[in-house]
Amino acid sequence: MSTASVTEVPQIAPGPGAAPVRHWLRFFRSELRNVFLRPRNLAMLAVLAGAPVFLGVVLWINTPAPGSGGPGAGVFVGQIAENGVFLSLFAIYVLLTVLLPLAVSVVSGDSVAGEAGLGTLRTLLTVPAGRARLLATKYATIVVFCFAATLIVAGLGLLMGAIFFPVGPVTLLSGDTVPLADGLARLALIVCYVAAALSALGAIGIALSTFTQHAIAVMATMLVVVIVSEILDAVSQVAAIHPYLPSHFWFSFDALLRTPIAWSGVLHGLASFAAYAVIFGAVAWARMRRANITC
Amino acid sequence: MTTGRVLADPGLAEAAADGADLAVTTSGLAMRFRGGQLAVDHIGLAVPHGSVYGFLGPNGSGKTTTIRMLLGLVHPTAGTFAMLGTDLRDLDSVLPRVGALVEGPAFYPFLSGRQNLARCDAADPSADLSTARARIDHALDQVGLLAAADKRYRVYSLGMKQRLGIAAGLLRPRDLMILDEPTNGLDPQGTREVRSLVKQIAADGTTVFVSSHLLAEVEQVCSHVGVMSTGRLVFQGTLTELRSRGEPRILIRTSDPPTGAEVLGKLELASVTVSDGQVSAALGEHAPERINAELVHAGVPVAGLETVRPSLEDLFVELTGEGFDVNG
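Each protein sequence line maps, in turn, to chains A and B.
Mapping of the first sequence onto our numbering: position 25 corresponds to residue 25, and the numbering continues sequentially without gaps.
Mapping of the second sequence onto our numbering: position 82 corresponds to residue 82, and the numbering continues sequentially without gaps.
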């Protein structure tokens, strides 16, 4: 056992609230480290990083004819041969269907339920980390993850596009051609838009995550939510509910690729994401505030 | 002090009269789970400052639920409590002064012991940032885990896990340590280590509130005990007071127990019991030497005679009932 004597006790702490921002940043960093250094999450990010590489190689080997391609993702396929920037957009489009929402579902579903499952939720709350503070830190981490995941897909798509295809002035969907810098700025806006869409999904995940200690149950539920939402969105008979589906505005970022930018579509999307984040953030807090932590 | 009054439990009446001397007081504290089961039945704890308070009871008697209420993890359905002079409504302001281990240690298996403590410290909104490293090392050293600090929690033995749980409570000086079953599942060596840790913590002036389902594991370190049984606090007081509850009995070893029992009956001793080769009875106010004389006079061959007090364990079992789960 210990040989330490009482006299070695290090000097201690000013009172609570001495530096709330620095304390929060420290907790936030610890939370980020836990999410981003977790082997499972790293593997997921690696898969997300691998997808644009794979797409780049496949499209380089079998380059589609300029102007070819159908609706949806096909809009971008036909332009890749002329401009590598479109590989980045194509990768975002393809991965936003399942893989990006899946990654966000895993991280957000794990956020509170995972801690409850390990029992570390009681450890953190008795520290005391504070229930509101813990929830806010968890959600901030999810938002960072959403940005990181989107950025990885877009960044590697751009890199692969630059390696395999020519890069230059960008011809928009509306037919105008803008300088490369303008095109990249629009790509950056699209990354932010998609990350916001995923963050709204993450709010659903963290809310569900406060109801159970089985993270895997939340992840499965989230996947059902995503798939059902996408299917319903494709069924015209239920068009009335389309605008309320969580995934309805995910792909509206093409509005950012037109001149002039169709802001109304983008803002509609952002309003939908904000509504989802607020509603499910409130659910999460209502649940977290009163929950009896018995695990 | 808003809840300084404490139920008149034996022993701590004087201490309770002055709530300021109490590190923990509860009043009518109750918890009913959704199923309708009353897990904690209106208990009035009184834990004096500077004491080592053994919170005893069989598994399922409500100890952990009580501790969860004290730490704000579950919300009482009735009653109130105060810790370190602070009412439960202001729990967040007092919890930094309370170190806790609830229902076994819970850490991240993929992090090392040191990383786990760093995470606990990072979660603390009032920890001293500049001394974090030194405090973490000090806590690890206190529980003897410095050498294993960089091993993953996953590979720790049960004893090491329990000690890391205690170390988390030692990250900063505390006025109160709440340890829930810190010896649960440990081998005798591990149990001794935890006991010596508790002694060490108490020696620094910290009040220690330690729960256990085994009296023997904590009786050596406790100054006070509270005994729970099916959600009720059935005894609270000093260890000495618990001991003095035991009625002394006289025990006679003889080859003729039936005649011995007859003699004891004539002397009007209560609850005479006869078993193979011995007879015993509650001693009451009788003098053992006179009983011996009467036995010899009646021709009972007395091979041995002694007065015995029930052990603490016996008293504990008597208080909590002989349920099948008494020993977990």
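For the record, the hints were derived by calculation from the structure and aren't laboratory data.
As the structure is a computational prediction, the values presented were derived from the model and not from experiment.
Hints may be right or wrong, so weigh each one.
[Claimed, not checked] For the chain A half of the interface with chain B, some residues (derived, Cβ under 8 Å), not all of them:
hint	residue
1	ALA49
2	LEU118
3	LEU124
4	THR126
We treat Cβ as the ideally placed atom computed from N, Cα and C, and that holds for glycine.
- Hints breached by this structure: 1
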